[in-house]
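Enquirer: Heads up: the sequence lines are chains S and E, in that order. Take the numbering used here: the last position of the first sequence gets the number 395, and nothing is skipped along the way. Take the numbering used here: the last position of the second sequence gets the number 1203, and nothing is skipped along the way.
Treat the hints as calculated values from the structure; they're not laboratory data. Misleading hints may appear alongside valid ones.
[As the list claims (entries may be wrong)] With a Cα cut of at most 30 Å, we get these calculated BS3-like pairs of lysine-lysine: (1) K108(S) with K1110(E); (2) K1060(E) with K147(S); (3) K1196(E) with K1110(E); (4) K1096(E) with K1192(E); (5) K1110(E) with K1192(E); (6) K1032(E) with K1110(E); (7) K1096(E) with K108(S); (8) K1197(E) with K1110(E); (9) K1197(E) with K195(S); (10) K199(S) with K1196(E); (11) K195(S) with K1192(E).
[As the list claims (entries may be wrong)] Negatives, chain S to chain E, calculated, CB over 10 Å: (12) L145; (13) N146; (14) P160; (15) I256.
[What the hints assert, rightly or not] Taking beta-carbon pairs under 7 Å as the criterion, some of the chain E residues facing chain S (in silico): (16) L975; (17) Q1022; (18) I1054; (19) I1161; (20) T1173.
Please read all numbers here as calculations on a predicted model, not as lab measurements. Ideal placement from N, C-alpha and C gives every residue a C-beta, glycine not left out.
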Amino acid sequence: MIKKAVPYILLAPLIALLLILLLAVANSLLQGLGYMPALGLNKISLDYYREVFSNPEFSASLLLSLYISLISTIFSVAIGVLICASLIKTKKAEKFYRNVLRIPILTPHIAVALFVVIIFSQSGILSRICYQLNIINEINEFPNIIYNRKGIGIILGYIWKEAPFVAYFVLSFMESISVSYEEAAINLGASPIRSFFSVTLPLSMPAILNAAFIIMIFSFGAYELPFLLGVTKPKALPVQAYIEYSHPDLRHRPYAMAENGVMILVSLVMAALYFYLWRKKSDGIRKSYDK
Amino acid sequence: MTNKNSILRLIMVFAAACILIPVALMTVWAFTSRWQWPDLIGESLSLRGFREVFINNVQGFRILVSSIFISMAAAFFATVIGYMSAQAFSMYDFPLKKWLRFGSMLPIIIPSSIFAMGIHVYFIKWGINDSITGVLAGHVLYCMPYTVNILGDSREALGNKYEQQAAMLGCSSLKAFFSITLPLMLPSVISAFSMAYIISFSQYFITMLLGGGVVKTYAVLVFPLISAGDRTIAGAYTLVFLLSSIFIFMLFEGAIKFIVKKIVGTET
Chain S
105 MIKKAVPYIL
115 LAPLIALLLI
125 LLLAVANSLL
135 QGLGYMPALG
145 LNKISLDYYR
155 EVFSNPEFSA
165 SLLLSLYISL
175 ISTIFSVAIG
185 VLICASLIKT
195 KKAEKFYRNV
205 LRIPILTPHI
215 AVALFVVIIF
225 SQSGILSRIC
235 YQLNIINEIN
245 EFPNIIYNRK
255 GIGIILGYIW
265 KEAPFVAYFV
275 LSFMESISVS
285 YEEAAINLGA
295 SPIRSFFSVT
305 LPLSMPAILN
315 AAFIIMIFSF
325 GAYELPFLLG
335 VTKPKALPVQ
345 AYIEYSHPDL
355 RHRPYAMAEN
365 GVMILVSLVM
375 AALYFYLWRK
385 KSDGIRKSYD
395 K
Chain E
936 MTNKNSILRL
946 IMVFAAACIL
956 IPVALMTVWA
966 FTSRWQWPDL
976 IGESLSLRGF
986 REVFINNVQG
996 FRILVSSIFI
1006 SMAAAFFATV
1016 IGYMSAQAFS
1026 MYDFPLKKWL
1036 RFGSMLPIII
1046 PSSIFAMGIH
1056 VYFIKWGIND
1066 SITGVLAGHV
1076 LYCMPYTVNI
1086 LGDSREALGN
1096 KYEQQAAMLG
1106 CSSLKAFFSI
1116 TLPLMLPSVI
1126 SAFSMAYIIS
1136 FSQYFITMLL
1146 GGGVVKTYAV
1156 LVFPLISAGD
1166 RTIAGAYTLV
1176 FLLSSIFIFM
1186 LFEGAIKFIV
1196 KKIVGTET
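Same shape as in the complex, but just chain S (with noise of 0.2 Å):
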């Protein structure tokens, strides 16, 4: 009897901290609902979900941050497989890359944040450099990079953070795979780049798929960058959520969880993706092992 306790016992304070989250979890989506007894709020319905739904500034902000998300893990995982790749082949000066590579993960996004200013803003190096060419001859004349509705300042510093993550998250399972059955493959004849694209990286998708998961989730849900490095309009979900979570009326905090229960179900959405890609991956390497 005592046994059959002991795992609970071990994971007694993981299930606390799980407690609570889950808690933080149901009261925002209860609150979104308008359930607020301590404001006489007691219906539950789905008016503000609707009310949040039809304003157009609400749309602009979710495809916002889910255009946020999806180009800046496109690109981090396209460039950290290949950082990885080109690192695991060359074997030469390999420990300073593996130590410049851990520099990003080490960084705050609140440093990332400063380093897109100092680089692409208008008063930025760039601009500095294009003036010295004669390519503009005012600081006007160089386009607004960071501060503009595409956000690609907040793009290009996810991508500066987390494409040496994927690099480095994926590294010791490529390298695995690498130093096994891409060599393999090349003594049967296969050139590098084959064995590359048709044994390495499909053996290594189910860990990619595990370090792009976590960027996609991270992106659309973070906070810091796209406060430092977005426009007033449209803001970013988690961005514009705050905003109205911190409305003096209180009246307003409905709309705040509202737009954060869209963003917990649209991040549950993604995880639900992931299990199902990684259940179809591992499935697929399995059956070609049975084989």
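Chain S is fixed; fit chain E onto it per the hints.
Expert: Coordinates of chain E only, in the frame set by chain S:
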């Protein structure tokens, strides 16, 4: 073949440049007094930014130190909880295992801002808003997925054959833990700890909302300076931020190397 390798090497050089140039530029900014557009080089060297961080702002240095302590504490709790969970997941079978394992990943799925806004009311009700307890709870929750993962993997890899052997030779399980399992797990424990430290140290939203301006960390202090316009000061604060993370990370890294060497040394 050599041609292809040189392309790959070029990619690495380019990637390293992309990573290092922003850091270098920020460092230059931090040491520059004035640097007007369109000059490519700042007017003169100055320590104005660092005077601001360490001398003029009375709070600056104090917040940095207390921030390091808060993150150390968060990393400690996250690592202990991570270890306990890893032990449960890798050594036992129980009905809710799959669900709890999924649950340990939930903080990756639910954005931290949503957690903070959702729990804020309850923390006020429980009297732990604007307190270190509340901030720590949030930090530990968001470090936990990583510690559970790192420690779970290596706990599973280690297995319990050494412990069984020790038990067969008459060793108590407590002693086996402290003289066999823990030393062998120590490298992963330290890397879980340093990962958690980094996550906690760069956490902004949770600290801002649940700390309510009373519990200040370095991230909260630096945040408004980024868009304030004075890049010398922003650069100096951020450089100190980055260097302190790197310094502490290297400290952990050194500890791992030392321990691995020592364990290998005692085995042979």
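Enquirer: Please go over all the hints and tell whether each is borne out by the structure.
Expert: Verification of the hints:
The straight-line distance between the Cα atoms of K108(S) and K1110(E) is roughly 22 Å, inside the 30 Å bound, and the hint therefore holds. Pair hint K1060(E) plus K147(S) holds up; C-alpha atoms about 23 Å apart against a cutoff of 30 Å. Among the hinted pairs, K1196(E) with K1110(E) is consistent with the structure: their alpha-carbon atoms are about 22 Å apart, no more than 30 Å. The straight-line distance between the Cα atoms of K1096(E) and K1192(E) is roughly 25 Å, inside the 30 Å bound, and the hint therefore holds.
This hinted pair checks out: K1110(E) and K1192(E) have alpha carbons roughly 24 Å apart, not beyond 30 Å. Restraint check for K1032(E) and K1110(E): satisfied, since their Cα atoms lie roughly 27 Å apart, inside the 30 Å limit. Proximity of K1096(E) to K108(S) is assessed by CA-CA distance (about 21 Å); at most 30 Å being required, the pair is judged to hold. A threshold of 30 Å between alpha carbons decides the hint, and for K1197(E) with K1110(E) the separation of about 19 Å falls inside it, so the pair holds.
Simply put, K1197(E) and K195(S) have alpha-carbon atoms about 28 Å apart, close enough for the 30 Å limit, and the pair holds. Distance check on the hinted pair: K199(S) and K1196(E) sit about 19 Å apart at the alpha-carbon level, within 30 Å; holds. Taking the CA atoms of K195(S) and K1192(E), the gap is near 22 Å; set against the 30 Å cutoff, the hint holds. Residue-level check passed: L145(S) sits 14 Å from the nearest beta carbon of chain E, beyond 10 Å.
The claim that N146(S) lies off the interface holds: its Cβ sits roughly 16 Å from the closest Cβ of chain E, which is beyond the 10 Å cut-off. Against chain E, the non-interface label of P160(S) holds: every CB pair exceeds 10 Å, the least being about 23 Å. At roughly 16 Å from the closest C-beta of chain E, the C-beta of I256(S) stays outside 10 Å, upholding its exclusion from the interface. The interface hint given for L975(E) holds, since its Cβ lies 6 Å from the closest Cβ of chain S, which is under the 7 Å cut-off.
Of the supplied interface hints, the one on Q1022(E) holds, with its beta-carbon coming within about 5 Å of a beta-carbon of chain S, less than 7 Å. With a cut of 7 Å, the hint placing I1054(E) at the interface with chain S holds, because the nearest CB-to-CB distance is about 4 Å. Given the 7 Å rule on beta carbons, the hint for I1161(E) holds: about 5 Å separates it from the nearest Cβ of chain S. With its C-beta approaching chain S no nearer than about 5 Å, T1173(E) sits inside the 7 Å limit, and its interface hint holds.
Figure legend: structure checked against the earlier numbered hints; every hint is met.
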